[in-house]
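Colleague: Protein chains in written order, with the working numbering: chain A, 1 to 387; chain B, 1001 to 1249.
Simulated from the structure, these hints should not be mistaken for lab results. By construction, the Cβ of each residue, glycine as well, lies at the ideal position given by its N, Cα and C atoms. Don't take every hint at face value.
What the simulated footprint calls covered on chain B by chain A, stretch by stretch (three residues with Cβ under 8 Å from a Cβ of chain A suffice, anywhere in the stretch; the number is not a length) [what the hints assert, rightly or not]:
hint, stretch
1, 1182 to 1188
2, 1226 to 1235
No farther apart than 25 Å at their CA atoms in a straight line, the calculated lysine-lysine pairs in the PhoX-like style are these [said to hold, decoys possible]:
hint, chain 1, residue 1, chain 2, residue 2
3, B, LYS1145, A, LYS116
4, A, LYS205, A, LYS43
5, B, LYS1018, A, LYS32
6, B, LYS1048, B, LYS1196
7, B, LYS1226, A, LYS276
8, B, LYS1195, A, LYS269
9, A, LYS122, B, LYS1018
10, A, LYS32, B, LYS1222
11, A, LYS43, A, LYS32
12, A, LYS122, B, LYS1193
13, A, LYS313, A, LYS233
14, B, LYS1247, A, LYS116
15, A, LYS233, A, LYS43
16, B, LYS1222, A, LYS122
17, B, LYS1222, A, LYS276
18, B, LYS1048, A, LYS32
19, B, LYS1189, A, LYS269
20, A, LYS269, B, LYS1018
21, B, LYS1226, B, LYS1089
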Amino acid sequence: MFTGVDFFLIDDLLSEEERKIRQTIRQYVDEKFLPLAAEYHRKADFPLSVIPELGALGVLGVTIPERYGAAGLNHTIYGLAMQELERGDSGLRSFASVQGSLVMYPISRYGSETQKQLWLPKLASGQAVGCFGLTEPDHGSDPGGMLTKAVHTADGWLLNGSKMWITNAPIADVAVVWAQTEQGIRGFLVEKGTPGFRTQTIKGKFSLRASLTGELIFDDCLVPEANLLPEGKGLRAPLSCLNEARYGIAWGAIGAAMACYEEALDYAKNRIQFGKPIAGFQLTQHKLVEMLNEITKAQLLNLQLGRLKDQGKAQYYHISLAKRNNVDQALKIARSARTILAANGITDEYQTIRHLLNLESVFTYEGTHDIHTLIVGEHITGMGAFR
Amino acid sequence: MNIAVCVKQTPDTETRVKLTDDQKAVNESDINFILNPYDEFAVEEALKLRETNGGEVTIISLGPDRVKSAIRSALAMGADKAIHLVADKNPSDPNAVAGALAEELKTGNYDLILLGKQAIDDDHAQLPSLLGEKLGLPAVTVVVKLDINGDQVTAEREIDGAHEIVTCNLPAVIGAQRGLNEPRYASLKGIMKAKKIPIEEKPAALAADQLEIESFNYPPEKSAGKIVGDSADAVPELLRLLHEEAKVI
Ligand SMILES: Cc1cc2nc3c(=O)[nH]c(=O)nc-3n(C[C@H](O)[C@H](O)[C@H](O)COP(=O)(O)OP(=O)(O)OC[C@H]3O[C@@H](n4cnc5c(N)ncnc54)[C@H](O)[C@@H]3O)c2cc1C
Chain A
1 MFTGVDFFLI DDLLSEEERK IRQTIRQYVD EKFLPLAAEY HRKADFPLSV IPELGALGVL
61 GVTIPERYGA AGLNHTIYGL AMQELERGDS GLRSFASVQG SLVMYPISRY GSETQKQLWL
121 PKLASGQAVG CFGLTEPDHG SDPGGMLTKA VHTADGWLLN GSKMWITNAP IADVAVVWAQ
181 TEQGIRGFLV EKGTPGFRTQ TIKGKFSLRA SLTGELIFDD CLVPEANLLP EGKGLRAPLS
241 CLNEARYGIA WGAIGAAMAC YEEALDYAKN RIQFGKPIAG FQLTQHKLVE MLNEITKAQL
301 LNLQLGRLKD QGKAQYYHIS LAKRNNVDQA LKIARSARTI LAANGITDEY QTIRHLLNLE
361 SVFTYEGTHD IHTLIVGEHI TGMGAFR
Chain B
1001 MNIAVCVKQT PDTETRVKLT DDQKAVNESD INFILNPYDE FAVEEALKLR ETNGGEVTII
1061 SLGPDRVKSA IRSALAMGAD KAIHLVADKN PSDPNAVAGA LAEELKTGNY DLILLGKQAI
1121 DDDHAQLPSL LGEKLGLPAV TVVVKLDING DQVTAEREID GAHEIVTCNL PAVIGAQRGL
1181 NEPRYASLKG IMKAKKIPIE EKPAALAADQ LEIESFNYPP EKSAGKIVGD SADAVPELLR
1241 LLHEEAKVI
């Protein structure tokens, strides 16, 4: 079973329940998810069987209130859960991130009571799947320029446009879709099967293969008035959702890094070249120590970020710095681990290459590395450098 | 249905056991303790029975303070109540443990007593039978399938090369074997809820051990394996070695 490196005894800063929760998810990933990981990665598919299992564990909408069937727990626990899921695969964590932070969160924050009652319990248990449509083919880092439009008519809202790179799109029962209206950007709950709405799966991905990504296409799609998210207005609403998801990604990326580090360390101790384990060479030790170094720093960063978030003190720029640093370091760690595994490091007999490929997506989505640099840069200088 | 589940805290299955210097005990300093895996089957069965019949599941564990963590694990799976029979260590004599558990079980008016068929640390596998004897109740152990209809119990147990089907009446003692069910994972909510359930503490009514541990020894070091060949030609030699050297066939 995976133990998870804890070089600075950071576990002592967690409560017994927080440790137990991490343990139960860790065990779940070892026993139920990892046996499927390589196969689903190969066939570029998501194992649907895990969805109700994630619901039963309580990792879908960790921070959403208990009265809606979710776990209603703190952000540190949410973070630990994302770390453990991504230790399995970024695709598994992406599923939970999208469902919790990008679908349940906007419904719970911006939805009507009826929308909450209708969707949150089903999403928490995994009976229903959601997706979040913000990015468009021509508007990624700059979602404010989106072209998808919703026009208010006597019968509801008429949607036209398309959304691209949408996680879970092919399997979603409900899509949270952001569109331009006369009142600025608004969010809509578009249900599967609504006339004028279809999805298309994106093929040929070399990253995040064990996750379904697709396109949402709206062609005179009429959405009832009751499906407008009443409280969310302007670009701030979708950005607030991203803030929640990015927080989870900062934790998740380190889960992937911990998996790569453990695999590389184990491999280095057992692989013999020139008559001794390669772990005995200075160059290999340097790589391993660098990995451990960055993992340890990121673990402390995450825990402090979690505690700040639980106290209501975490700001968007804290989250940007953590997402930026942790994903970048995780990607470097995965690459370095891959070099230690050498030829074995390019096959899916080992996990490292899967994590390495996945992290390329994680580096890009939820605000690219560059965009987070600009967010933090703007905050510390007071000068925006986006345009 | 009023169900008691007796659980033991044991070292993690992946523990590399270290002995104390006098070799009379296991050195506990680096051990990660868990809920005995066979007891997980017992807890799961109790929860399933409660789901169909209603009632209450009480966890009972005997041992030092650290066993509370195993009790919490069982509560996190969904049990209702817990009793900790406090002792300064886990006795090495199963008869003493069974005596103290039986004293407690007598007071609880339980319809069913479930426990793992054995603990993975000392492997005595005696508790289900000892409890049956001390409580004057039918005891069935190594059970892989359990049906309860009213107060009629039908239990399927593993025996050498076959399954034996046994019937008895409630109240009864059942020892769970792997295969009885698939234990659920404790949910996030369950773990948080378990924290709030009070664990009732009582002194364990332990009689003196009649067994004494003389010493523990490490298993002999494994010698290196041997590759006999990589084609069908190697089979006769392999058979000869298995028969004459390894003496397993
Ligand atoms: C697997 C996967 C899943 C995804 N899931 C979802 C989802 O569920 N929902 C959703 O809405 N979106 C999703 N996305 C989309 C993702 O959020 C976008 O890809 C991301 O925002 C970047 O947009 P883009 O790819 O269009 O890149 P672009 O915005 O075109 O950026 C191209 C490059 O230019 C850089 N750049 C852009 N602007 C600036 C600037 N001002 N200054 C300096 N550099 C700049 C970027 O950093 C990048 O390097 C997903 C993407 C992937 C790969």
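Colleague: Next, verify each hint and record whether it holds.
Modeller: Comparing the hints with the structure gives:
1. 1182 to 1188: holds (count 5)
2. 1226 to 1235: violated (count 0)
3. B:LYS1145 x A:LYS116: violated, 42 Å
4. A:LYS205 x A:LYS43: holds, 11 Å
5. B:LYS1018 x A:LYS32: Not OK: LYS1018 (chain B) and LYS32 (chain A) at ~31 Å, beyond 25 Å, violated.
6. B:LYS1048 x B:LYS1196: holds, 22 Å
7. B:LYS1226 x A:LYS276: holds, 22 Å
8. B:LYS1195 x A:LYS269: violated, 40 Å
9. A:LYS122 x B:LYS1018: Status violated; Cα separation ~49 Å.
10. A:LYS32 x B:LYS1222: Between LYS32 (chain A) and LYS1222 (chain B) the Cα gap is close to 32 Å, so the pair fails against 25 Å, i.e. violated.
11. A:LYS43 x A:LYS32: holds, 18 Å
12. A:LYS122 x B:LYS1193: Given pair LYS122 (chain A), LYS1193 (chain B) holds - Cα atoms ~22 Å apart, limit 25 Å.
13. A:LYS313 x A:LYS233: holds, 23 Å
14. B:LYS1247 x A:LYS116: violated, 67 Å
15. A:LYS233 x A:LYS43: This hinted pair is violated, its Cα atoms lying about 40 Å apart.
16. B:LYS1222 x A:LYS122: violated, 53 Å
17. B:LYS1222 x A:LYS276: holds, 22 Å
18. B:LYS1048 x A:LYS32: Satisfied, since the Cα-Cα distance of roughly 21 Å is no more than 25 Å.
19. B:LYS1189 x A:LYS269: violated, 39 Å
20. A:LYS269 x B:LYS1018: holds, 22 Å
21. B:LYS1226 x B:LYS1089: Answer violated: LYS1226 (chain B) to LYS1089 (chain B) is near 44 Å, above 25 Å.
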